[in-house]
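Chains A and B supply the protein sequences, listed in that same order.
Per numbering that gives the first Met the number 0, the first sequence runs over residues 0 to 295.
Per numbering that gives the first Met the number 0, the second sequence runs over residues 0 to 274.
In case anyone wonders, no lab produced these hints; they're calculated from the structure.
Note that the structure is a prediction, hence the values are computed from the model and not measured.
For every residue, glycine included, the Cβ atom is placed at its ideal position computed from N, Cα and C.
Do not take every clue at face value.
Coverage of chain B stretches by chain A, computed from C-beta distances (three or more under 8 Å per stretch; other residues unrestricted) [as the list claims (entries may be wrong)]:
| id | region |
| --- | --- |
| 1 | 56 to 66 |
| 2 | 165 to 175 |
Lysine-lysine pairs mimicking DSS-like chemistry, simulated, CA-CA at most 30 Å apart [unchecked claim]:
| id | chain 1 | residue 1 | chain 2 | residue 2 |
| --- | --- | --- | --- | --- |
| 3 | A | K12 | B | K173 |
| 4 | A | K12 | B | K192 |
| 5 | A | K99 | A | K12 |
Here are some chain B residues pointing at chain A (derived, C-beta under 8 Å) [stated by the list, open to error]:
| id | residue |
| --- | --- |
| 6 | L19 |
| 7 | L87 |
| 8 | T110 |
| 9 | M117 |
| 10 | A132 |
| 11 | G135 |
| 12 | L145 |
| 13 | P146 |
| 14 | F258 |
Letter by letter, the chains look like this.
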Amino acid sequence: MSSQRAEHLGRYKNITGWMFVSPALVLMGIFMIYPILWSLWMSFQTGKGIRTKFGGFDNIVRLANDPIFVKALVNTMTFLAIQVPIMIFLALIMASLLNKSNLWARGWFRTAIFLPCVTSLVAYSILFKSMFAIDGVVNQTLMFIGIVDDPIGWLTDPFWAKTLIIISITWRWTGYNMIFYLSAMQNIDSSIYEAARIDGISAWRRLVSLTIPMMKPVILFTTVTSTIGTLQLFDEVNILTLGGPSDSTLTLSLYIFNLTFKFMPSYGYAATVSYVIVFIVVILAYLQFRVSRDRK
Amino acid sequence: MMKKLSLKLNFADFFTYVFLTFMAFLSIFPFIWMVIGATNNTTDIAKGKASFGDQFLINVAKFFEQVDVPLIFWNSSKITIISCFFTLGIASMAGYGFEVFRSKPRERLYTIVLLTLMIPFAALMIPLFISIAKVGLINTHAAIILPGLASAFIIFYFRQSTKAFPGELRDAAKVDGLKEWQIFIYIYLPVMKSTYAAAFIIVFMASWNNYLWPLIVLQSNELKTITLVISSLASAYYPDYGVVMVGTIMATLPTLAIFFIMQRQFVQGMLGAVK
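Please model the entire structure based on the sequences and the hints provided.
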């Protein structure tokens, strides 16, 4: 009798559970799972526009022989390899400086450094484009201080255009990551620091040997999100440089956009390029989790 | 000895303040630049003039002349509010359902939901575009709203927060004879107010600032959002930067306002993911 009742109750709970999750699951199925599978299928199709046919691995062969794709891949990985470590390092330094409770105007500093997160990617890219113009305020300042003699071609020189993209993303996201670190640091028991300080361990050693190991999960989380974000880089590049000069800032996402909506649409090939991003994300996320687990 | 130590400490403090002031200045400067820019003409902005000018009203007038401001704001607000309302509703139901009514198949589906967090939008973009075109929704606001409604991240966020929702409240409500949907609406919703506030901010920001997908599906000028409008003003061959700055201020004001009014929930929303 009672087991029957329990079973009835269990089934009732089960139906209620499905009722709560089904709207989300149905929408996810339509707008997430179905498109992912479709684009996987698409990546085996060749041809332009709506005239497509099954091409097997033709698109993958085309990838290897496509210099623009290789350039976009190298650019994206360059942004990733340089920008993410710089940003995480800066964010860690700032968080550890702001973690001192006796710091004067601490709240003001925190708010100021966090403020870039409030802007849209489009809005800040527009601001940066005007600031980094050839006669713009940044070049004027650099020349005034005497760091450079001639204006830097931020938007016209391949090297400086890449640098500009890195500076921009770092400006936008450092404060965001800093907030994560700051909150993780505030959860660390302060008596550990007291003990280390009494033992005469320097501030730098305390950061490297105490804080960073204790914050591994947060650092891992921010690294994974930053990696996924940088691999999807589109808005900034599309506004600041349009991928130029001579494709030096072209990213994978911008290339997919161009393949699909700028040129004669080549859906199958564009889908293949998009799966390259999926592939890199999965591999990097896996590696990052492995690294953090091994060091435990 | 004591004196030497305190001197050393002061030096370190001095360095901290110099560094933080410099960083804070770099963080704020583009905002100052935006406000200064709105008061100058485009030539002065391009020349890097870093002082206030007298062109503000002219720039505002030009902006209102070139852009149907009320309509564009209505478009952005409509899309954002509808997205927030439904995303919060659907995701909070799912988060609550996954956490409170656990079963094996649902846990498996939840793992899939989490895995989709790794999928970049670029991998969905093309099939989504084709499907939306097939059902005739290209160039409609529905095309922007629909694909974002089931957000894996917001579902995850609600499930994580639901772990702190006291089970005794549910039991007490059941004893009182409340049905499951009544518990959700009358007990869960008010208790989780701050979670809703933080999730609202996340969805609001994402929706108000959305660029790539609206750029793909919207073609008519009268349907465009403020984000699309400022980007097309700025990408003109000879952009009028004074006007662009006015537009950028107007596009940023709502998110800035939300940040300053709900600063605590704003930060909480950003942090929610790691708890």
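- Task: Compare the structure with the hints numbered earlier in the document and write down the numbers of the violated ones, lowest to highest.
- Result: As far as the earlier hints go, 1, 2, 5, 7, 8, 10 and 11 are violated by this structure, in ascending order.
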